[in-house]
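S.K.: Listed below are the residues making up each chain.
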Amino acid sequence: MNPFKTILILAFAFLAVFGEATLSAPRSLLGAQIDLLPALMVYAALNSGLPTIALLAVFGGIWFDTLSANPLGISILPLAIIGWPIYLRRDLILRDLPFAQFVLGATASAAAPLLTMLLLLSGGKELLIGWGTLWQWIVMAAVGAVATPFIFSLMDAGNRALGYQERVEPGFRLDREIQRSRKKL
Amino acid sequence: MFKQKNYLALGAVVFVAIILLSLPTRATSRLKLAVGSWFLPLFGLAGAAQQLPADLADSVLSRRELLHQVDALRRENQQLKSQAVQTIAIARENSQLRAMFNWQKQSPWNLKLANVVMRDPANWWRTVQIDLGTRDGLRENLPVITDAGLVGRVSSVSTTHAQVVLVGDPNCRVSALVENPARDMGVLIAGGTLDTSLVELTYLASSANLKPGQSVITSGLGGIFPKGIPIGQIVDSRSVEYGLYTDARVKLNANLGSLEQVWVLFP
Chain U
1 MNPFKTILIL AFAFLAVFGE ATLSAPRSLL GAQIDLLPAL MVYAALNSGL
51 PTIALLAVFG GIWFDTLSAN PLGISILPLA IIGWPIYLRR DLILRDLPFA
101 QFVLGATASA AAPLLTMLLL LSGGKELLIG WGTLWQWIVM AAVGAVATPF
151 IFSLMDAGNR ALGYQERVEP GFRLDREIQR SRKKL
Chain H
1001 MFKQKNYLAL GAVVFVAIIL LSLPTRATSR LKLAVGSWFL PLFGLAGAAQ
1051 QLPADLADSV LSRRELLHQV DALRRENQQL KSQAVQTIAI ARENSQLRAM
1101 FNWQKQSPWN LKLANVVMRD PANWWRTVQI DLGTRDGLRE NLPVITDAGL
1151 VGRVSSVSTT HAQVVLVGDP NCRVSALVEN PARDMGVLIA GGTLDTSLVE
1201 LTYLASSANL KPGQSVITSG LGGIFPKGIP IGQIVDSRSV EYGLYTDARV
1251 KLNANLGSLE QVWVLFP
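Read top to bottom, the protein sequences are chains U and H. Sequential numbering from 1 applies to the first sequence in our numbering. Sequential numbering from 1001 applies to the second sequence in our numbering.
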């Protein structure tokens, strides 16, 4: 496993959570704050190992809950629930296709707030929910869908620029070369 | 499909989540404060980035414009000074009357200016974070206002920052008074999810005579918000629960969508 990829994903998650808490433009323009963590989880599930998915779920969830009024730890499970099925089925997913990334991003971004709200309501919390929540949910899913292919491109570019590449073994091996020489008679 | 390492990783994540969720509130808030401090270096960067356009705009203002602004500020200052003199006289008269009737003396409130540094990233809460903390004397449940009106109350405090739960959040209920002849009283609760400027005033008397435009202020009941802080204006009202009581929509004076600086009230 390439640890640089994990560090890059966690760094992106940290900045994404900070951006969500400081940038109020999406809220004032669209009426809803967007969340990039589900889209990032789609990338992590398709391109990295289980430890990265677990770390992203735990740290991403904790960072989000720290800056929010959510109970600490409530966002961990929704992120994990999104990442695991994608990881288990990733060999069947055409991960390089932007359309597949778009659909997965939409599904993940729609599922994450629903699961979090479900957990909060199960815990007896009183939330700010109304008909406007439906609009916010649609906006979150749509923006998550559009953002996922961009996150894939950005993370791949980051990996190429900063991470080390795996060494590719050439087909040619010196020890297997057939020694040809003219027999001296 | 599910190998042992998959079970282990999923189990570890679930275990961490359950441990965090079952921690006592005090430990959770301490942990939140500790993790929140990781974002402190970014606070400074964000603040500097927000300040940069204003600094640039200031540096290109013409001398004529600056003189015009100084003149306007001087006039405003003179008006405020005369108002302050009147207020001091009224306060003196008030305290004399209170002494005559043997009423409890009112202590004046102190104000501290705070910058809004963050908003809640979740759509189902309405909170902001301000750059004052326990080192500035902040504690929970202090009222937060702007020059326009009530904003909310401090809900949790760290050393350098505090979380303010805004009016319109389900966790911020305010006892309010309508400034009409009957002085109708109700409770301010959460409003719409999209429009931050509208909140609901509920449990008003069924006979309440409400008209659009009537002012709503804090009633002073509940022990958190002092009496008389302006909240907003009545937009419309309707009878609910078969005429048992009346609900009204209130348009807030303070613009909660674009808060930059707020005042914290200290008793």
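Treat the hints as calculated values from the structure; they're not laboratory data. As the structure is a prediction and not an experimental result, all values here were calculated from the model. Don't be surprised by glycine CBs; every beta carbon is placed ideally from N, CA and C. Any given hint could be a false lead.
Facing chain U, from chain H, some residues (calculated, C-beta under 7 Å) [to be verified]: (1) Gly1011; (2) Pro1024; (3) Ala1027; (4) Gly1036; (5) Ser1037; (6) Asp1120; (7) Thr1127; (8) Val1187; (9) Ile1189; (10) Ala1190; (11) Leu1198; (12) Gly1257.
S.K.: Hint by hint, say whether it matches the structure.
M.R.: Comparing the hints with the structure gives:
{"no.": "1", "hint": "Gly1011", "in the structure": "violated, 10 Å"}
{"no.": "2", "hint": "Pro1024", "in the structure": "violated, 11 Å"}
{"no.": "3", "hint": "Ala1027", "in the structure": "violated, 9 Å"}
{"no.": "4", "hint": "Gly1036", "in the structure": "holds, 5 Å"}
{"no.": "5", "hint": "Ser1037", "in the structure": "violated, 9 Å"}
{"no.": "6", "hint": "Asp1120", "in the structure": "holds, 5 Å"}
{"no.": "7", "hint": "Thr1127", "in the structure": "holds, 5 Å"}
{"no.": "8", "hint": "Val1187", "in the structure": "violated, 14 Å"}
{"no.": "9", "hint": "Ile1189", "in the structure": "violated, 10 Å"}
{"no.": "10", "hint": "Ala1190", "in the structure": "holds, 5 Å"}
{"no.": "11", "hint": "Leu1198", "in the structure": "violated, 11 Å"}
{"no.": "12", "hint": "Gly1257", "in the structure": "holds, 6 Å"}
When held up to the earlier numbered hints, the structure conflicts with 1, 2, 3, 5, 8, 9, 11 and fits the remainder.
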